[in-house]
Amino acid sequence: MLSRRPLRIWTYKQSSDGRNITYLTSRCQYDYCYLARTQLHARLALVRHSGRRQLPSFSVPAAHNTPRSYIHNTSTSLNRVAVVTGAARGIGRAIALQLARDGYDVALNDLVPSSSSSRASSSSSSLEEVREIIEGEIGRKTAVLRGDVSVEEDVKALVDGAVEKLGGVDVMVANAGIASPSAMLDISAKEWDRVMAINGRGVFLCYKYAAIQMIKQGRGGRIVGASSVAGKTGVPFFAHYSASKFAVSSLTQTAAQEWAKYSINVNAYAPGPIDTDLTREAATFAEINPDYNKDVPASASATAVGFIGTPEDVAGVVSYLVSDRARFMTGQVLGKLDGKCRPNSFQSTHTAAAYSTLRNLPSLHRVAVVTGAGKGIGRAVALQLAHDGYDIAVNDIHSMASSVNELCKTIREEMGRKAVALTGDVSLDIDVRRVVDGAVDVLGSVDVVSRRSNGFLNLVSSLKPIPRWSQTLG
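Take the sequence shown: its letters are residues 1 to 474, numbered as in UniProt numbering.
The hints are simulated quantities; they were obtained by calculation from the structure and are not laboratory data.
Mixed in with the good hints, there may be bad ones.
Said to hold, decoys possible - Straight-line alpha carbon distances no greater than 25 angstroms define the calculated DSS-like cross-link-like pairs of lysine-lysine that follow:
(1) Lys216 <-> Lys232
(2) Lys261 <-> Lys208
(3) Lys216 <-> Lys165
(4) Lys216 <-> Lys156
(5) Lys216 <-> Lys141
(6) Lys409 <-> Lys375
(7) Lys165 <-> Lys141
(8) Lys216 <-> Lys261
(9) Lys232 <-> Lys208
(10) Lys156 <-> Lys261
(11) Lys208 <-> Lys156
(12) Lys418 <-> Lys375
(13) Lys208 <-> Lys165
Let the hints inform the model, and build the full structure from the sequences given.
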């Protein structure tokens with residue numbers, strides 16, 4: 001079906017001071033609305049060529065310089081100062097290091113050293129190690145600001161200290177959290193309150209005082225919270241932890257709506273099995289509790305990708321969430337970041353997030369096929385992927401051949417990547433086969449397929465064919 005609809009098109013131009021000036025123009029665009037089987041053709045064609053479930057091991061090629069007229073400003077730092085709680089180890093440490101590499105000065109927070117707490121003492125030395133890496137190897141400024149995020153005065157001091165020592169607060173990552181597996185009947189009121197205080201009240205306080213400072217500064221900002229797969233689905237033996245992470249999801253959505261008028265975007269990440277101390281503690285618990293193994297599989301076999309994630313995987317997601325690429329995304333709990341494929345698990349996630357989440361992971365590949373790339377979102381995606389170091393197979397319908405050829409020329413001459421124009425109708429199986437075959441013949445492989453349809457970007461991975469699906473779709 002061919003529909004004619006007016007679209008508002010936003011364009012960007014960067015001024016001499018580095019800020020983005022936004023212009024609004026409007027035009028009409030013809031959108032092709034295809035049957036659901038269009039997606040099936042692309043998926044099956046990719047499976048036929050890949051013939052593999054495991055990802056190749058080569059790394060991402062270096063990005064090439066790209067004129068800013070083609071894409072958004074890709075600087076990952078909106079301004080310059082980020083606060084990261086729970087930064088001494090695990091996910092918090094990885095986030096702090098990633099944001100420093102992205103160009104932020106970082107205020108590092110974790111517990112105050114205590115003779116009665118081995119974890120607090122360990123966190124103190126680990127926090128100093130993170131500081132030394134950021135200042136000595138990465139070359140960014142840091143401020144070590146210890147405190148308990150469940151204590152209001154400590155959080156106030158954290159934000160005030162970041163302002164005093166680094167000049168402001170532009171990003172707050174409320175990452176600090178605790179958990180220990182326990183059957184619900186064995187959880188004491190004291191333990192319940194401790195988990196809720198750190199994971200729930202701590203996030204609330206970080207959100208609140210960061211927002212107060214950002215509003216005072218008048219330049220907006222990014223706030224990111226640590227939810228969990230357990231904050232979307234209840235998890236046995238983690239009742240207190242799961243309840244606290246549901247609270248984070250709710251706080252994130254509420255704060256996003258209240259603070260959008262101040263240009264403050266609020267989102268959260270929801271990881272599943274990640275290689276951290278918490279995961280190892282759960283594994284130890286499983287050894288002495290056979291019911292845990294049965295009800296809460298925490299091994300690589302429990303994920304679709306066949307491995308447990310790393311803190312750096314989550315840090316890549318946060319890098320996107322605080323970047324200007326996420327300016328249109330707020331109130332989202334990004335995930336479930338656990339390698340599992342579930343119905344609707346990404347239904348509320350801004351489409352660019354799905355792309356950029358994958359973009360930030362270290363194992364992406366070299367050749368991307370982008371359909372519907374003659375104009376609009378498809379064109380922008382093709383240019384962005386080329387900027388990120390991909391060779392591009394550009395597809396659109398035959399009537400868009402001139403636009404597709406012009407795009408290929410731009411990618412080759414101005415961005416230094418290989419590009420091939422492959423016209424065809426993606427609702428036709430034979431055309432999709434030709435597109436994939438052409439990409440393989442000219443560029444050597446197909447590692448990413450991006451399909452643009454009705455305003456949504458779907459990243460297609462290798463899926464097994466579903467028997468009689470095509471017959472059902474008729």
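Decide if the proposed pair is consistent with the structure: lysine 216 and lysine 165, CA atoms, cutoff 25 angstroms inclusive.
-> With a Cα-Cα distance of about 17 angstroms, the restraint between lysine 216 and lysine 165 holds, given a limit of 25 angstroms.
Is lysine 165 close enough to lysine 141, meaning Cα to Cα at most 25 angstroms?
-> Answer holds: lysine 165 to lysine 141 is near 9 angstroms, not above 25 angstroms.
Quick one, are lysine 216 and lysine 261 close enough, alpha carbons at most 25 angstroms?
-> 13 angstroms, holds
Compare the distance between the alpha carbons of lysine 216 and lysine 141 with 25 angstroms, and conclude whether the hinted pair is satisfied.
-> With Cα atoms ~23 angstroms apart, lysine 216 and lysine 141 stay inside 25 angstroms; holds.
Could you grab the alpha-carbon distance between lysine 156 and lysine 261 and see if it respects the 25 angstroms cut-off?
-> 23 angstroms, holds
Measure nothing beyond the straight line between the CA atoms of lysine 216 and lysine 232; if it is 25 angstroms or shorter, mark the hint as holding.
-> This hinted pair is violated, its Cα atoms lying about 33 angstroms apart.
Hint consistency between lysine 208 and lysine 156 [alpha-carbon to alpha-carbon, up to 25 angstroms] | Holds: lysine 208 and lysine 156 sit about 10 angstroms apart, inside 25 angstroms.
Are the Cα positions of lysine 208 and lysine 165 separated by 25 angstroms at most?
-> This hinted pair holds, its Cα atoms lying about 20 angstroms apart.
Mind checking the alpha carbons of lysine 409 and lysine 375 for me, to see if they're no more than 25 angstroms apart?
-> 14 angstroms, holds
Please work out if lysine 418 and lysine 375 have their alpha carbons no farther apart than 25 angstroms.
-> Satisfied, since the Cα-Cα distance of roughly 19 angstroms is no more than 25 angstroms.
Is the Cα-Cα distance between lysine 261 and lysine 208 25 angstroms or less?
-> 15 angstroms, holds
Below or equal to 25 angstroms on CA atoms is what counts here, so check lysine 232 against lysine 208.
-> The given pair, whose Cα atoms are some 23 angstroms apart, holds under the 25 angstroms limit.
Figure legend: structure checked against the earlier numbered hints; the only hint not met is number 1.
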